[in-house]
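Undergrad: What follows is the residue order along each chain.
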Amino acid sequence: MGTIFGKAASAFAEAKAIIKKSKNRSGGYNTPSIDAGQITGPIKNHRWMGWMNPSSDVNDGWNDWSRLENPGNLPVWHGNFHEIKGTHPKHHWAMVMDLRRCVGCQACVIACKSENKVPLGVFRTAVRVIETGHMERREDGIVITEDGNYAPNVKKSMLPVMCNHCEKPPCVESCPVQATFKRQDGLVLIDYDACIGCGICVKACPYGNRFFNEVQKTADKCTLCVHRLDHGLAPACATSCVGRARVFGDLLDSKSEVSKLVAANRTSRLLTGAGTGPQVYYIDMKGDLFEADPGKAKIMYTYAMGFNTSAYEKLGGKAVLPAVEEQENPYKNKGGNE
Amino acid sequence: MANVDRRDFLKGCTFGAGLIVAGGGLNQMELPKILSGDVKSSYPGRVENWPGVNVKLSVCKQCHGDCGLMARVFNGTIVKLDGNPYDIQTTQPPLKYESSYKDAIVHVGGTFNTSKPYTDGAHSLCPRGQAGIQSAYDPYRVYVPLKRKGPRGSGTFQVISYEQLIDEVVNGGYLFKDVPGEETRFVEGFRQLWNNGQNRFVPADPDHPDFGPKTNQFVATWGRAEGGQANLIARFANALGSVNAIPHVSVCELSHHVATMATYDGNAMLKPDLPNSEFVLLFGANYYEANFPMQTLARRSAAATASGKCRMVFIDPRGGNQIAHADYIPVKPDGDGAFAMGMLRWIVENKKYDENYLENPNNDAAQKNGEPSFSNASHLVVAEEPNKDYAKFMKAGEQAYVVDKASGKYMPASSSEKGELWPTGFLSLKPVTANGVSCLTSMQMLWKELSSHSMEEYEKEAGISRNVLVDLAREFTSHGKKAVADLYRGPVKHTNGYYNARAILMLNVVVGNVDWQGGYIAGGGAANAMGGKYDMTKWPGFVAPKGVKISREGSFYEKTSEYKKKSAAGASPFPAKRPWFPFGFGVWQEEWAGIYFQYPYPAKIFFMTMGNPAWSNPGHGGANDESLGWIRMAKDLNKVPLYINSDIVISESAKYADYIIPDATYLEGWGTLGSLPTYATSRIGVRQPVIEPMTAKTAEGKPVCMENFLIDVARRLGLPGFGKNAFLEGGGLNEREDFFLKLVANISYDKGLLKNEDGKFVKQGPVPDAAREEMFTVEEYIKRYPDALRPEEWKKVAYVMARGGRFEGQDVAYMPSGGPQWVTHRWGAKKIAVQMYNEKIAGTHNAITGERFNGATMLEPIRDMKGNLIYKKYSKSEYPLMLSTYKLPFHSKSRTMHDPWLVELLPGNFIEISEVDAKKLDIGDGDRVKVSSPTYKKGMTARARIRLTLRPGVITFSQAFGRWLAGSGAWYINGKKYEGDPARNSGTHLNPLMLVDESIAANDGWSVSLTDPIGGSMNYYDTPVKIEKV
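Protein chains in written order, with my numbering: chain S, 1 to 338; chain W, 339 to 1368.
Rather than coming from a laboratory, the hints here were simulated on the basis of the structure.
Computed from a predicted structure; not experimentally measured.
A virtual CB, placed ideally from N, CA and C, is assigned to each residue, including glycine.
Check before you lean on any hint, since a few could be wrong.
Footprint (simulated), chain W over chain S, 3 or more residues, beta carbon under 8 Å [claimed, not checked]: (1) 76-88; (2) 113-120; (3) 125-134; (4) 175-183; (5) 226-232.
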């Protein structure tokens, strides 16, 4: 990993120096404290939500996005993506979703939220847990009830979704200010300092995997945990995948686990007809299942549809989302419960 | 989605998958109000190897799975929780225990370096576990002691100092004289109850001294206090002279434990050895949603089915997530027992049981025959009434007897090589006369029950075609020892839960799969935290507490003076005032009933920590409704004169407390968490504070928390085992670390763990000394508590703390190759019989009806404690549907609604109804419906959702929702109104609908949930309901 991360290493050294000087850093025993006389309420400086956590905001190299996102100064493209292959990239990062092992638990969803401090109400990744089929009324059905017999022709399936880090990303091509780009190693990223928050790329993604980040007022999406990757660590979703369904690695390395899985199994990708060249490979995606009438495929969670949509409101009523506590008054009334 | 319309997607997708993406995609397209307001960056968390990031290995507590965790702390704030890479529960294969802590914090496996064989770098925590950060930083936490200001249930509190708290609860007095109605109420404190230690020797009830002394009137209970914590609470109760330190198990899955212990004595839970199993039946156990722990079982289960070597069959009224990779049999609620008995009937009738195994009458014979255990299948049971030994084993001393297969002679089981299962012929129920007494073998006792019902009856009761039972029985008996039937809450939360569980366990008994690779395994045990270097079970001035628990658990009614007196007077000893539960532990509902009925004695001081029966309990809790039993009990000043609650927030149950002790969260606390049978090796996790408790400090500078509160009350009273000279080895117990550090020392010096030395398994001895860079884990403790340990112990303690516990290597899980295909740590090493027939159960009575229990298993209808048939009592035509419930993979019960990341995954739950019933009743997705039950006629209303994978005739809902306090609702402190987050009170919680037992209600109608008379479980799944559109 060493060579391409030279700049990250220098940010590292800088951080070390700053931390050495810093007086407020605690040692082995971490000591948050309540204010004098504080009875209840949030503790200042100790928030779990990254964007409100001042301790994550120190000037030690983290808040320099351009350096964070491309420490090795890898070449980037805003179009003509076919050229990338010719530049002999060292890596081509990709994700394999082995659906034989996805247990639908949502650990990756929370890992992503936690690692990347994604605001409430939007997701960089989600896992659909889907029901299909019917209890069919049949004489020879195995389910015996007082009202007759049924055949349980039903199934559950899991479908983890995330940014596909496409070979030909329409989102990148659509950006009017070239804030979003594709890195030589395959990552599709956004320069948040350059992003004007116009929302065109959000609409351009055929997978619905981009969203508007209300906190930073920019477009946002999965980065494949570029900040981890550049320090030699796997993406948080893969690290915390309970079933080990998410396998991350380098498709240019034939000995990598992803290369082996893609070579040994029949894989599917989402919306290949859109010509985007998605780089998330699914093993064991059952075609028959997904050909079911979508009206009859019941998605249990990650929330079946946007909670601010009328479809959700019809199903669940007006969703009351967890309160984002504002600094001074976490107890202000946040509106009615259904 | 605007540029391409939906039809275009459909053309393009590989497998039509676009339908799902388009129909239910992320839909996150609420578009921006461009560049308004102040802009912040939402930076990712600092990575593990970032300078200044402090990585601590501890243990989760978001469920009872207790997975090892790895916390990243930056600038004193927890930024991320992952799994501990040393722990088999989170990492597979786990990092070698001797690997350096430095390797652990950047564990990536073989993702980047492919020059070596691939190893998996994932070290996972489930969603609940990862979101635990948000519980620590819950903005609705309470940091200071609170005292009730208004009447119980008013939700009004005032802040008091810790010192005032200790003074008041110790000294008692007119503590609530300012509360209307309590002006003259004298509250007894700990001092009065303790009475300088004298009350340990004064009976609470002079007529029944065997019920124990007055000090038993202190009742301590917990919803979740684990290894170490529970031991400290029990130490306090016991030192005070009370036997009442009671966990919550009956709300969980007690009957499963009781049935398992009745079959495999000494073990409360076994699990399939999933990496080697070929065929697994899961009865009401969904490894993909919740279990011990979800993540390890789900991972191993998915790996097993993905490999193509293992078939799983999921038997449950609701299609759990498991059916993504398992066959689904939608059994009738409560049909599990009939299902298993139907299978067993076919297995016995067709002689498909493992005869070679079952005929082994003793351990030596079994070993000779290549079996790691033996059963009592051939042992003789006295079958003639009214012989005084009726239903017990024919015995001389401790020696059981068999009919020897070779000689046909009656002889001690220990002398026989093979015991006859059918002394009077295959499938004959004719008794054999042994020693002049009519006897049946255990096998015959079982067959007597199995053969008393036809396959048609089993089909009807299971609600599943008998062809399925036969097919599964055939397959179950064609995988040798690599077939397992496992179970969890589904079959056992019924009034016949014990028998259902026994029937399922019997499937394992007849193939003799215990201890085999791929079979049913008991786990690898754990290093002993309670002894070794420090004896934590005794102390100077130790007096063993005496008497029966207020829940009557762990005691036989037949042995009480009450039973004997009634019998001596010529009266029937039955009914007792309340049922007794000699086999149960943590029988919560009868703890409440004991308090309410003041039987066997009245309670005086009630202490509860991290417990929330007001919200969680079925039938007698579950809603903000003061007609519910638990809330009525908690409000009653006579029955609960002093109620102390400890929690991190003002919970639904804490609302009724007199005092609230602000507690530390699990990320600020300690514990020692033993292993699970999910894997075959020894394991113990050490929970240590990842951050210091945020609660207020006492005048001595200690953080306020549950443990320090008990320690300080004990010091004030002068209880033995606390304060100065608290340990047999010397030293004081003045703060929680004085206790917990000793547990870690015991763990680090444990000598029992094994290691693999060139294929030979030898004992490890104590852990090595920690490397210098690992000493930071104890530096602060050495400074603060220099006398907590002996000087030489710190380095070993640091070694364990740096790794978050003590874990045996996976290379000793199975016997070395060439040897038998067994696990290394075996249940059979106890050399006791697997109980096909259990004489202790058979010798015990329902204390209400006087009915004897069955030593084998039986098909038992749903009944109340007096024996009335429930479905006769409550008409099915009026209440045609059955109520069920389940857990989501991202919630446990009463603690995870603290965590917004989990709430946003599903902002509210639903009343879930099958497609078939929804059509019949014209109910659509999102319709508002009312559900009511015979004992909660007012019903509850919520939105409906149609489920495709639900058995017709069943409605269900997921747990965790519907919180009216605990950071939701409103409460008052020092006259100020606080309002919580309404997002925590979304959805529905139908627990109040669950049936209460009206047959043994108090005269005023007070009662608790229906109960399994043997297993003690609260009933969750026997409630008939009706549903109406509103």
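Undergrad: Hints first: check each against the structure and report whether it holds.
TA: Here's how the hints hold up against the structure:
1. For the stretch 76-88 of chain S, the assignment as covered by chain W is violated, since 0 residues bring a beta-carbon within under 8 Å of that chain's beta-carbons and 3 are needed.
2. Requiring three or more residues with a Cβ within less than 8 Å of a Cβ of chain W, the coverage given for the stretch 113-120 of chain S holds, as 8 such residues are present.
3. With 8 residues having a Cβ less than 8 Å from any Cβ of chain W, the stretch 125-134 of chain S passes the three-residue criterion, so the hint holds.
4. Counting residues of the stretch 175-183 of chain S whose beta carbon lies closer than 8 Å to any beta carbon of chain W gives 0, which falls short of the minimum of three for the stated coverage.
5. Using a Cβ-Cβ cut-off of 8 Å, 4 residues of the stretch 226-232 of chain S lie near chain W, which meets the minimum of three, so the contact claim holds.
In this structure, the earlier hints numbered 1, 4 are contradicted, and the remaining ones agree with it.
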